[in-house]
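Please model the complete structure; the sequences and the hints are all you need to start from.
For the protein sequence lines, the chains are A and B, in the order given.
Residue numbers for the first sequence follow my numbering, beginning at 5 and rising by one.
Residue numbers for the second sequence follow my numbering, beginning at 466 and rising by one.
Just so you know, the hints here were simulated from the structure itself, not pulled from any lab data.
Be aware that a few hints might be false.
[What the hints assert, rightly or not] Sample of chain A residues lacking proximity to chain B, with all beta carbon distances greater than 10 angstroms (derived):
1. Ser42
2. Glu80
3. Asp97
[To be verified] Chain A stretches covered by chain B per the calculated footprint, using a threshold of three residues with CB under 8 angstroms from any CB of chain B:
4. 15 to 24
5. 86 to 92
C-beta: ideal position from N, C-alpha, C; glycine also.
Chain residues, written in single-letter form:
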Amino acid sequence: MPKIALEDVTKSFGSKKVLRGITMKIPAGKSVVVIGGSGTGKSVLLKCILGLLKPDSGSIKIDGVEVTTLHPWQRESMMRKFGMLFQGGALFDSLPVWENVAFGLVQGKRTSRRKAQPIAYDALAKVGLSEDVGLLSPAELSGGMQKRVALARAIASQPEIIFFDEPTTGLDPITADVINDLIVESVHNLGATALSITHDMASARKIADIIAMIYDGKIVWQGPASDIDHSGNEYVDQFIHGRAQGPIKLEVKRS
Amino acid sequence: MLGLASVGRFALVFSAIVGKLSKFFVQSVLSCLVPPYFLGQLGRQLWRIGYNSLPVVGLTALFTGSALALQIYIGGSRFNAEGIVANIVAIGITRELGPVLAGLMVAGRVSAAIAAEIGTMRVTEQIDALVTLSTSPFKYLVAPRLLAATICLPLLVGIADTIGILGGYLVGTRSLGFNSAVYLKNTMDFIEMGDVTSGLIKAAVFGFIIALMGCYHGYHSAGGAQGVGRATTNAVVSASVLILASNYFLTSIFFGE
Ligand SMILES: Nc1ncnc2c1ncn2[C@@H]1O[C@H](COP(=O)(O)OP(=O)(O)OP(=O)(O)O)[C@@H](O)[C@H]1O
Ligand SMILES: [Mg+2]
Chain A
5 MPKIALEDVT KSFGSKKVLR GITMKIPAGK SVVVIGGSGT GKSVLLKCIL GLLKPDSGSI
65 KIDGVEVTTL HPWQRESMMR KFGMLFQGGA LFDSLPVWEN VAFGLVQGKR TSRRKAQPIA
125 YDALAKVGLS EDVGLLSPAE LSGGMQKRVA LARAIASQPE IIFFDEPTTG LDPITADVIN
185 DLIVESVHNL GATALSITHD MASARKIADI IAMIYDGKIV WQGPASDIDH SGNEYVDQFI
245 HGRAQGPIKL EVKRS
Chain B
466 MLGLASVGRF ALVFSAIVGK LSKFFVQSVL SCLVPPYFLG QLGRQLWRIG YNSLPVVGLT
526 ALFTGSALAL QIYIGGSRFN AEGIVANIVA IGITRELGPV LAGLMVAGRV SAAIAAEIGT
586 MRVTEQIDAL VTLSTSPFKY LVAPRLLAAT ICLPLLVGIA DTIGILGGYL VGTRSLGFNS
646 AVYLKNTMDF IEMGDVTSGL IKAAVFGFII ALMGCYHGYH SAGGAQGVGR ATTNAVVSAS
706 VLILASNYFL TSIFFGE
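Okay, here's the thing in structure tokens:
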């Protein structure tokens, strides 16, 4: 049974159709990376699975349980399986960094603060942040540091399923590689299932078992990461080589 | 025809808002009752909503009580009824002016702050992040604010009543020439328990309205900084109007024939 199974999921905002029928399966214990152009609905896809947005139609099953019709109370316990790194970080600016990282443990899982604190500092260390960052407020950090705190928060409670929305964007290449290793480690050592979104092909190659490409609201290609260079799919080829010419057209005005 | 269409459109929009608000109301009240409770958050909100509102509520009450005493003296002297100042100040402050003015002042302070804070959390996805950390935003954000405001407003109004009457007393004894013992006796003899408790019940309702409007508009804000600004304005305006409207209905329930 796949960990997550999507069947013909659609989502529009007003007249704008963002997802036009997404069907994909995410096997347990695997790392799936979704690639695709900016604004194609990758973040919307993650939010639909998490229930933060309600899809217009289609089915989403997690561990075989249909989640689109879940009652809010049931959803709260479903959420304990998840960790999510938001594209914008979404750190709580009223709390210091370490409490942000410990939040899922303290508030969500009701662990005592004293037990959660070392776990939080450990998670911070794993993303390359030193002890003294723990007491700062998120507003005092650089963009890349905020991203790493958000990452630490997503993995601190050791969730079964982790979503990473652009985990390496805004990081220098060395830190990005540390983060890639961390994601690989989370999947292989903890047995988590990961769904990541990235534009960074180096990162995708490193962390993905399976790569899926989204275009025009649909999955146009999906296959093992090792096949990405000979996918035989012109959308994928254009994307991984970053060519302006090809089937994917960007509407820009030329003067 | 055109007029009818716009009436229809207005009715549709209005009923959509009422529906959304009712749903929010029910969810908020449920989350106040069903555990888990976030007591730390409640304590922090009691401090921010209650204690920090003391200066503005106190000053408002002091000056209102003083002005009221002056006006009643001037008005009363037209038919030789200056002696009634203490009585009218007591009843006016405890029944109407204390709760309404404290409610409006706190609405300006607290509804705005709540809407801005929750609205910013909404547009920066912090509310979504709460959900993914298996914490209900209703229990963590809305319930502590609703409870804190509902608890604090009666306390604040109790203080406002006292300070307001004190303001009247100061003006009465210092500049209008009342004897201080007589003024106090008139106040204490005239005022009834019902005057005070009706005001405190009003205050609890106003506190609930203040927090509910702040949370509701913040929670549903969208569209970045401008959206948060709009939410803040709407929270203060709707809280103020609802306070004045519900005050009328509560007065007619308590004191109507
Ligand atoms: N809350 C919303 N209301 C209206 N439209 C939205 C909303 N969220 C997303 N959209 C629209 O959905 C489309 C997809 O957005 P999404 O954030 O999923 O893109 P993305 O694939 O993650 O892009 P990027 O790689 O730039 O992050 C965009 O065109 C956006 O305008
Ligand atoms: Mg995105």
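For each hint, the structure was consulted:
For Ser42(A), the shortest C-beta to C-beta distance to chain B comes to about 18 angstroms, beyond the 10 angstroms cut-off, and the non-interface label holds. Not every CB of chain B is more than 10 angstroms from the CB of Glu80(A) (nearest about 6 angstroms), against its label as outside the interface. At roughly 8 angstroms from the closest C-beta of chain B, the C-beta of Asp97(A) falls inside 10 angstroms, breaking its exclusion from the interface. Remark: the segment 15 to 24 of chain A is not confirmed as covered by chain B, as 0 of its residues place a Cβ nearer than 8 angstroms to a Cβ of that chain, below the required three.
A stretch counts as covered by a chain when three or more of its residues have a beta carbon under 8 angstroms from one of that chain; for the segment 86 to 92 of chain A and chain B the count is 5, and the coverage holds.
Comparing the model with each earlier hint shows violations of hints 2, 3, 4; every other hint is respected.
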